[in-house]
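Engineer: Here is what each chain is made of, one letter per residue.
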Amino acid sequence: MIAQTDVDALAEQVPDGALLALPPDYSFVPMALIRALIRRGVKDLHLLAVPISGLSADLLIGAGCVKTMEAAAVTLGEAGLAPCFTRAVQDGAIRMKDSTCPAIHTALQAAEKGVPFMPLGGVIGSDIVKYRDDWKVVDDPMGQGGGRILLLPAITPDVALVHAPLADAFGNVWVGKRHELFTIAHAARTTLATYEELHDGDLTADPVLSAGTIPAMYIGALAQAREGAKPLGLAGRYVIDMDHIRAYAKEARTQEGFDAYLKREVLGPEAEAAS
Amino acid sequence: MIAQTDVDALAEQVPDGALLALPPDYSFVPMALIRALIRRGVKDLHLLAVPISGLSADLLIGAGCVKTMEAAAVTLGEAGLAPCFTRAVQDGAIRMKDSTCPAIHTALQAAEKGVPFMPLGGVIGSDIVKYRDDWKVVDDPMGQGGGRILLLPAITPDVALVHAPLADAFGNVWVGKRHELFTIAHAARTTLATYEELHDGDLTADPVLSAGTIPAMYIGALAQAREGAKPLGLAGRYVIDMDHIRAYAKEARTQEGFDAYLKREVLGPEAEAAS
Amino acid sequence: MTTGAYSPEEFLIATVTRLLPERGNAAIGAASPIPGAAALLQRELTGGAFRVSLIHGVTNNPFTDGGRELFDAAGQGRIDVFFLGGVQIDGQANLNLVGTGDYPAVDRRFPGSFGSAYMYFTVPRVILFRPEHTRRVFVEKVDFISAPGVSPPDVRRRGGPHALVTELCIMMFDRARARFRLESVHPGRSVEEVRDNTGFDFDLPDRVPTTPEPEPERLDILRARIGREVAGTYPDFAARVLGYRARATG
Amino acid sequence: MTTGAYSPEEFLIATVTRLLPERGNAAIGAASPIPGAAALLQRELTGGAFRVSLIHGVTNNPFTDGGRELFDAAGQGRIDVFFLGGVQIDGQANLNLVGTGDYPAVDRRFPGSFGSAYMYFTVPRVILFRPEHTRRVFVEKVDFISAPGVSPPDVRRRGGPHALVTELCIMMFDRARARFRLESVHPGRSVEEVRDNTGFDFDLPDRVPTTPEPEPERLDILRARIGREVAGTYPDFAARVLGYRARATG
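Residue numbers (this note's numbering), protein chains in the order written: chain A, 6 to 280; chain B, 6 to 280; chain C, 47 to 296; chain D, 47 to 296.
Rather than coming from a laboratory, the hints here were simulated on the basis of the structure.
Treat the numbers as computed from the prediction; the structure is a model and nothing was measured.
Ideal Cβ placement from N, Cα and C applies to all residues, glycine included.
Warning: the hint list may mix true and false statements.
Computed cross-link-like contacts, SDA-like style, restricted to lysine to any residue with a CA-CA straight-line distance of at most 20 Å [said to hold, decoys possible]:
#, chain 1, residue 1, chain 2, residue 2
1, B, Lys235, B, Lys135
2, A, Lys135, C, Asp200
3, D, Lys187, D, Pro150
4, B, Lys135, D, Asp200
5, B, Lys141, A, Pro146
Stretch by stretch, here's where chain B covers chain C in the computed footprint (C-beta under 8 Å, at least three residues) [as the list claims (entries may be wrong)]:
#, stretch
6, 101-111
7, 119-126
For reference, chain A alone in the conformation it holds in the complex (with noise of 0.2 Å):
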C-alpha cells in the first residue's frame, strides 16, 4: 500500500535541485502537480524533457525554478516556440544541454536495466555531440571492425512525474500504450504520480488493464488529481485546449505578460492570500 495524499503534499517531495524527468505534452503531464511544484517555490531543477516537452518546462523555467533543461526540443508545437524557454537559453538564464529524441530514450534505458552507458547509431556528425562532453565518440568496442559509435551515459532521474487516467490502491498506475511513461518509472529513483479515476480492484491483476500499468514498486507516492493535465489534453478523456496554448503563446512572449498568466492561472487568489 502507497500513502495517498493531495497535489500540494506530492510537490513537497520533490527536493530542490533535484533532476527531474517530465513526460512530452501528448504523453499524459501532471500539469495541476507543475502548478504545485511552482506554487512550493521549488528551486535549481534540472529538468530532463522525455524526450522533447512544452507547457510544463516552459511554466517551470518561466517561474524561475529551472537551472539547466536537457531536451531533444521543447516547443508548443502548433502554438509556435515556448516563449520562457526560448527567451531563458537567448538571455543565458538557464542552461540548455541539447539531445535528440532517441538519446534521450536510451540514456533511460541504460538507467532502466542499471548499465552505466548504451550505444546509439548515428548522431555522429551532429554538433549536439560536439557540446555534450558526458558523451563518447569510440570505435567499435566489440572490435569487429564496425567503425565509430556514440555511447551515452546512464541517466538516473531523482524523481519522475506522470499522470495517469487510472491508479489503484495498491499504487498502481494504468498509463495505456504511454509505453516511456514506464521506461521513465523504471530509470528514476522514484515517481509521483497523479490520477484522474481510482480503480477498484487491483490493476496488475487484471488481465487487459496490466498491460499498461505501471508497478507499485516504481511509485513513490499518489495524489488524486481530476482534471490534472489540463490545459494539456490526457487520451481518451479530454483533449489539449489549444485556444488556452495559444493564449499562453501569446501573453508569455513577455516576462511580464508570463508574470500575469502565473499568477492568474498558477498562483491563485488564495496562494496570493498567503504569500
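Could you slot chains B, C and D onto chain A? The hints should help.
Structural biologist: Here is chains B, C and D on its own, set in the frame of chain A:
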C-alpha cells in the same frame, strides 16, 4: 492488411536453417505451429529461447529439426528435465550455446534498437562467458574507471513465433502484458503469429487493448489456431495440462518413447496417411 | 486562394506524393501536415502497399511501445520514408533545427533537433520539406548541425537526404557528391528565382523541367478521402486546406 | 510426515523466514515453493513492508513489462532478496546449474544457468536454498561456474551470497573471506553430520547453536493464510504441504 493463412502454410514460411526465436513455456507458445513445423520436416534450425524454453524446444530437438540451441535454460519445470534436450546435449547431437536470462533479453534489445551490441552488468566470472566467443568483456569504454563490463552482440532472429489470444484483420496481435513478445517481434526480421480469436476492429486504435498489441508492421503472416498453445497454457484462457507434460516427460525419456509420442500427438493419422 | 484549380498546399501535396515509393513504411512527425497528407494520398494510390504512421496521431498511429518505438523501428530498418525540415539547410544537406548565431549563445533559439540526428542516418529516403525558399533558410553553411547530410565511411549510415521540396522547386540530393541538383521548377517560377533565393551552390542541368501540376484524379482523392484521415492529428489543416471538419471528440 | 508438530517443509519455511529483512522486495522464481512460502510469510509478519513478487506467478506477480523487467529491476537495485540453488555449490559459493563433468561434453546435463549469472551480482541478499545436503551437491570446486560467489574489485557488484539453507544446517557466507561459516545445525542434526556431507572446507565456530524450531504463531499464520497465496503458482505444493486446495480455474 496481412494475408491470413492456416497453420501448415505458416510453417512453410520458416526456412530450413533459420534462427528461430521461441517464447518461454509460460508465455504464449504457438504449439500448433511447432507441431506443423515438425510435420513440414524443417531442418537445421538454430533455436533461441527467450530466455528459457521447454516443451516446444524439446519436441523440435527430439524430431531432429535442431542444429544449435541458445537458452538460459531448457526445462519442463515441475515435470522435470526436458528429455530430448538433455539427451541431445549429452550425446552431442546439438550444440548448446549456454546463456543467462538477461543476456538474451539484452541481445534482443540490441537488435530492437539496431545497435551492434549492448552492455550487461554482472555475469563476468561465469563460465558462460568463457565458452561464448561472440561475447566480449572490455574495460569501461566510457573511460570513467567503471571497471570491466560485458558486451553482448545483437541477436536478430530470422523468424519469431507467437500464439496470441487476439488478432485483427489488419494483422495486429494482442499479447497483453507479455511484453517480451514485443521485444522479440521488434528484434526479429519477421514474426509469424497464430491466434485464438479474431478481434472485430483495429487493436491499435483501442484505448485499452492497444497497450498489449504488437502492430502489424512486425507481423509477416497470421493463422487462426484455436487452443493453439495446448498442451501449454494461455493466460486467462486455459491452464497448462500438467498431466500431459508429466506423461510426456516420462514417455520421451527414450528416443523410442519420444517417437511414439511424435507419431501419436504430432504427425497424426492424416500425416501418416500422407507419408 | 487557389492557383488555377488547386491551392498551393494541394500542389505541394501532389508534388511530394510523386517522390514517394510504391511500398514501404512512412513515419510522419506532429508538425508536418502537408507531408502527412501526401503520404496518406500515396497510401490510397498504392492500395495500402505504402503504409503511413502519424507518430503523434490519434488515428493512423500504430505505435504501441512508447516514444522510442519509432526510433527503434528506424534502427531496425523498418521505416523507409521520413520528412525533415530545418531553420537552416545548407548545400551539403546539413540541417539546423536549434538556432541561429554562435551556439550556445544563439541569437534566435528554435525548439531543438528532435530526432533528426538519428532519423537522418537510419531512414533510406528522407525528404526535406521546407516551403519558405529564401537565403535566410538555404545558407552556405548552417550555424549548428543538428543532423549532418553526409558521413565519413567509418560511420554506419543507411539513410540520408533524398530530395528537397520548397515553394519554388524540387532538388535531388547526390550523397556521393554531397550536392543538390535542381530537379524541376514549379509552374510560374524560374531557375533565376531559385538561384537568387538559395545561399548555397547547387548543380544545374542544361534544361530544367517544370514540376507537373497536380493530376485531377489525385486532387479528387485528396479532397474526398484524405481530410478525414488527417483530421484527428491536424484538425486545423484538415479544415482549412482540405475542407474537412470533424465533429468534436472528447 | 511431521517431525513433532511441524513438517520438514514447515521447518525450512520458518528457518528461511528468519533470514529475511524487515522490508524490501523479494523476487521468487518458478521452482521455489519453500522460499516463496517463506517470503510470503515474512510479508504477513511485517505487515506488508517486505514485498514479494512471484515472477511467474498467476497471483502476487506485479511485473507488467515482460521477462526482462525482473532483471532490469535488479539492475536498478530494486530487488533486495533472491533465492538460488544449484546442482553443485562449492566453498566459494560458486553455483553450477548447467551440468556435471567436463563442459561442454557434460556427463549429466541440467536445465541451465537461468538468471543466476546476473541476479547473484545485483541482489544484495541472495539466499542459497538447497535441501539435499550431500557431497554430491556441496563440492570442493564446481564443474561449471554458472554464477561466481565472489568477484575481483574491477567488476561492479552490489550483490552476492548471504546464507545457505540445507536440510542439515544454516551457513552464512563471508564475502570478504570468500568462505562459509556454519551458523546453526538443525534440531537432531550434528556438526559431524554436516562435515561428513560437505565436500568443501568451512569455518566452524567453537560453539554451534541449534536452529530454532518454528514459532507456533508463525506456523499458525503459515497454515491459515499462505496456502491461498501460493496456490496460484505452486498448486501441488499448496495442497501437499500447506493443505490448501484451490478450485479449478480456467
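Engineer: Confirm or reject each hint.
Structural biologist: The hints, checked one at a time:
no. : hint                : verdict
1   : B:Lys235 - B:Lys135 : violated, 38 Å
2   : A:Lys135 - C:Asp200 : holds, 18 Å
3   : D:Lys187 - D:Pro150 : holds, 17 Å
4   : B:Lys135 - D:Asp200 : holds, 18 Å
5   : B:Lys141 - A:Pro146 : holds, 9 Å
6   : 101-111             : holds (count 6)
7   : 119-126             : holds (count 6)
Checked against the numbered hints given earlier, the structure breaks only hint 1 and satisfies all the rest.
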